[in-house]
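*Asks:* This is what each chain is made of:
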Amino acid sequence: MNQTNHSNRLTGEREHLRMTTLLYDSIRTATTVAVLGTAALLASGHAIGPVALAAQEAPERAELTAQQARDVPDITGSTVLLARDVARLELALASGDTHAIELNDGEVLVDGARRGTYEPGSAFEQAWRDLLRNPELGATESLGGLLAAWEPPAEVSPGTSGVSAVLDAFDRYDPAAAVAPATAGQAMPDAAVDGQVTIVPRAGSLEQLGERLRELNETLGRISGEEFGLEGDFSLVVHDDYRIADGSTIEGDVALLGGTLTVDGDIEGDVLVLGGRLLLEPGSLVMGDVRSVDGEVETVGATVTGEILSLSAGERLGDRLAADIHADRSDRRPEWDYERRRDRGFFGSIARNVSRTLSDVVGTIVWIVGLTLFGAGLVYFAPGRLEAIAAEARVDVLRSFGVGLAGQLLFVPILLLLVVLIVTWLVVPFYVLAVAVAVPAGYLAVARALGESVVDRRYDLFERFNLNRQNTYYYVLNGVIVLLAPFAVAAVLQLFGSMLGFLRGLTLFLAVVLTWAAATTGFGAVILTRGGGLARDLPGFRRRRSVPLDDLRAPEPPAEDDVPGSGDATPADEATGDDDA
Amino acid sequence: MRSPRAGTRSTRCILSFATLVLTAAGPLAAQSAEWYEMSSRRQTDGIERLEVDVEYAVGRLDVGPVDADLLYQLDLRYDARRFEPIRHWNAADGTGHLRLRFDTEDGDLDIDDFDDVGSDELGALTLGLSRDVPTRLSLGVMATEARLQLGGVALERFVFRTGASEASIEFDAVNPVRMDRLELAAAAADFRASGLGSARFDRLEFVGAVGDVRLDFSGDWEGSAEAEINMGLGALRLIFPRALGVRIAKRGILTSFESVGFDEVDGAYRTPNWDSASSRLDLSIRAGFGDIDVTFVD
Chain Y
13 MNQTNHSNRL TGEREHLRMT TLLYDSIRTA TTVAVLGTAA LLASGHAIGP VALAAQEAPE
73 RAELTAQQAR DVPDITGSTV LLARDVARLE LALASGDTHA IELNDGEVLV DGARRGTYEP
133 GSAFEQAWRD LLRNPELGAT ESLGGLLAAW EPPAEVSPGT SGVSAVLDAF DRYDPAAAVA
193 PATAGQAMPD AAVDGQVTIV PRAGSLEQLG ERLRELNETL GRISGEEFGL EGDFSLVVHD
253 DYRIADGSTI EGDVALLGGT LTVDGDIEGD VLVLGGRLLL EPGSLVMGDV RSVDGEVETV
313 GATVTGEILS LSAGERLGDR LAADIHADRS DRRPEWDYER RRDRGFFGSI ARNVSRTLSD
373 VVGTIVWIVG LTLFGAGLVY FAPGRLEAIA AEARVDVLRS FGVGLAGQLL FVPILLLLVV
433 LIVTWLVVPF YVLAVAVAVP AGYLAVARAL GESVVDRRYD LFERFNLNRQ NTYYYVLNGV
493 IVLLAPFAVA AVLQLFGSML GFLRGLTLFL AVVLTWAAAT TGFGAVILTR GGGLARDLPG
553 FRRRRSVPLD DLRAPEPPAE DDVPGSGDAT PADEATGDDD A
Chain A
29 MRSPRAGTRS TRCILSFATL VLTAAGPLAA QSAEWYEMSS RRQTDGIERL EVDVEYAVGR
89 LDVGPVDADL LYQLDLRYDA RRFEPIRHWN AADGTGHLRL RFDTEDGDLD IDDFDDVGSD
149 ELGALTLGLS RDVPTRLSLG VMATEARLQL GGVALERFVF RTGASEASIE FDAVNPVRMD
209 RLELAAAAAD FRASGLGSAR FDRLEFVGAV GDVRLDFSGD WEGSAEAEIN MGLGALRLIF
269 PRALGVRIAK RGILTSFESV GFDEVDGAYR TPNWDSASSR LDLSIRAGFG DIDVTFVD
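Quick note, the sequences are listed as chains Y and A, same order. Letter by letter, the first sequence follows residues 13 to 593 of my numbering. Letter by letter, the second sequence follows residues 29 to 326 of my numbering.
Derived by calculation from the structure, the hints in this document are not laboratory data. Among the clues, some could well be false.
A partial selection of chain Y residues facing chain A, derived with a Cβ cut-off under 8 Å [what the hints assert, rightly or not]: (1) Leu143; (2) Ser322; (3) Leu323; (4) Ser324.
Ranges of calculated distance between the beta carbons of each label pair, as one might list FRET restraints [to be verified]: (5) Y/Val374 with A/Asp121: 42 to 48 Å; (6) Y/Val444 with A/Asp131: 39 to 45 Å; (7) Y/Val378 with A/Ala119: 50 to 56 Å; (8) A/Glu79 with Y/Pro294: 37 to 43 Å; (9) A/Ala271 with Y/Val378: 52 to 58 Å; (10) Y/Trp528 with A/Ala277: 38 to 44 Å; (11) Y/Leu428 with A/Asn301: 24 to 30 Å; (12) A/Ala277 with Y/Val449: 39 to 45 Å; (13) Y/Val444 with A/Glu292: 32 to 38 Å.
Backbone N, C-alpha and C fix where the C-beta goes; we use that ideal spot for every residue, glycine too.
Okay, chain Y solo, but in the shape it has when bound (with noise of 0.2 Å):
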């Protein structure tokens, strides 16, 4: 069984349980991230543009957004987290450092040092969260002076340890304490006194991040059947609602995770949707391509020179993809192999093939059946010209399928010519019909000539399934299992897939040749005797003139006196009459 179809048997709860933890998962990860990859790559100097991940609070999701400022001397990008339990800033600073102050829990932790403690759920902690939700936390340039300002509501004592240290590390933004020496007993941090923050990370980079995502957009090209790249960095990674403003630009792809992605504004590259809703306000313009997945875009108005497009497949798609994005790097094989898609898996190409075989292989049965009823209706009515005709075939073999084949090209000429003679125009009918019924009847003369040949020679198969039995009925029905024989091989071949696919085209060949030589054999045979009424005594061959349904009246037991094999005729030739010509 392949992954995709493991996948398929997931139930709602375990889906649902895998993707909550998840999105937890990537609040960490994505945090620490953005935190490293913003820092890391200004550090070395690499181009980025702003990276914003934003974090919401819901009973059972967490989400993530991040919001760049590059035009604040001393902070350069804040980093937003918002869980059940946590509240967290990250501030990006000019020098590469960061700085963190985080509600965790009932603690307050300024750079991962534990600092003070604060009530859970008390109006600190909400006033807390309702500062990481003010929209002026992404407007940079005041942003220090607004960390600087803040303060808790009046009902929270600013003796609280824990209130203490959030004030104290906002104290270092504010304009004019920034160049003051720390005030005595303030408890900032030792890491930052000292302009160092380290943090290890739990998983991954911005780059890595940025790098799964274009994989997934390469994806994403090869389900909707384009190969695409993308042209840039993904400058922007949305999870949450956020507004491009009108008049701001951001430089590079744009990948909307979750939320509202409203743009006022311009994107100069491609925007990526997983989930969540692009509105493109009239006005706006993407200078690239929009690829949704289960998501929903909205252009009314605006322009997008590229390509829209949207791909679903119900839950299961969005769900698989967002899984790839959140992978861990140890186990960043996507649990749904797209590569694989054009392979059905082992089982899947046993199942498939298993499934042609049989429905080629009843197929074949049926037209067994159907022709032997044929078959037997022909004996049961009209069995002296069948024997009539199967003799022909079989004593003059070359010269029936001459005259067939002789007779299948004048079909045509003769049919246009009876139409052509207007006079003749009643007989086309007729002589439709009988060549209808000529060919069919031939086949199973030829059938029954080559069934009575098969029985004589006693194969072991056929007298395991005991069908050697000497009458009409059971000559035709050999015969037509051996004349479609080559169609149950073919079909019977397919069990191995591509691998004998040769052999099976050629087999499937042959049985269809060895169809029409039966036929046109059958044919002339129906010709030379005039549809059976011409019947001629011939060598070698048993004429059958009895009742056939003497044929399936049991044999007599043989009298004492009448030992078989002592050259007498054998029961069944008595019952049925059988002398040879």
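We have chain Y already, so just place chain A on it with the hints.
*Replies:* Just chain A now, with coordinates in the frame of chain Y:
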């Protein structure tokens, strides 16, 4: 000597194996389909001419006009386990080229793969084209049910080839641009085209192998045109507006042609208004075996 029950035992073994295989294969076969829905569209930004080449094998095909600001819109529903859409787009010198093809898992399309598939399981393709941007459209369809509502679509050239399918083409609104060539080919199909006068073609070529064909030349005629029809075996029904001057040159002795409403002039058949009609259709018919039925409508 072999036991008479040996054959029975063998038969039972075979039947048991077949039952086992059927039981195992059933659930696997049941989850074979994986439906994708894909929508692709582009705005007309910067594109002055469009060339579209689509080959669609099985399923339902619908073609029609799209909203004003769109160059094209392509909505596709397909079984990802059977097909892989291959799209290609490029634009140069103001001309956009869109190609859409389908590949199967084996790399080759085998109609036998779909013998056991119902028509509602074959997917669908809806193609919308601009009313404003002159378009050269080439459609090749096989075992499909094709419904082409091309009224209003700016078709500069249209080539339609269909295999064993049921196809209908309708021009219920005037083509905004002149069509230099309209090529239709139907192998073994129930083929119907109506409103051909609104297509504004200069030349029409139709090739039909076997099947019933109905070509309705009514519509809003502007100017004159010529047409060539090649029929193999089947019935050809032609419908002309009375105001249109029609001249028919027919070849094929095995094809009946009722010439009521025509005057025979120089071996060809002309409507009495041939000399006075503002729009004329000069039609050449070569038919193998069948009937040609002509109807005039107001």
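*Asks:* For every hint, state whether the structure bears it out.
*Replies:* Consistency of the hints with the structure:
no. : hint                               : in the structure
1   : Leu143                             : violated (41 Å)
2   : Ser322                             : holds (4 Å)
3   : Leu323                             : holds (5 Å)
4   : Ser324                             : holds (5 Å)
5   : Y/Val374 with A/Asp121: 42 to 48 Å : violated (57 Å)
6   : Y/Val444 with A/Asp131: 39 to 45 Å : holds (42 Å)
7   : Y/Val378 with A/Ala119: 50 to 56 Å : holds (54 Å)
8   : A/Glu79 with Y/Pro294: 37 to 43 Å  : violated (30 Å)
9   : A/Ala271 with Y/Val378: 52 to 58 Å : holds (57 Å)
10  : Y/Trp528 with A/Ala277: 38 to 44 Å : holds (41 Å)
11  : Y/Leu428 with A/Asn301: 24 to 30 Å : violated (37 Å)
12  : A/Ala277 with Y/Val449: 39 to 45 Å : holds (42 Å)
13  : Y/Val444 with A/Glu292: 32 to 38 Å : holds (34 Å)
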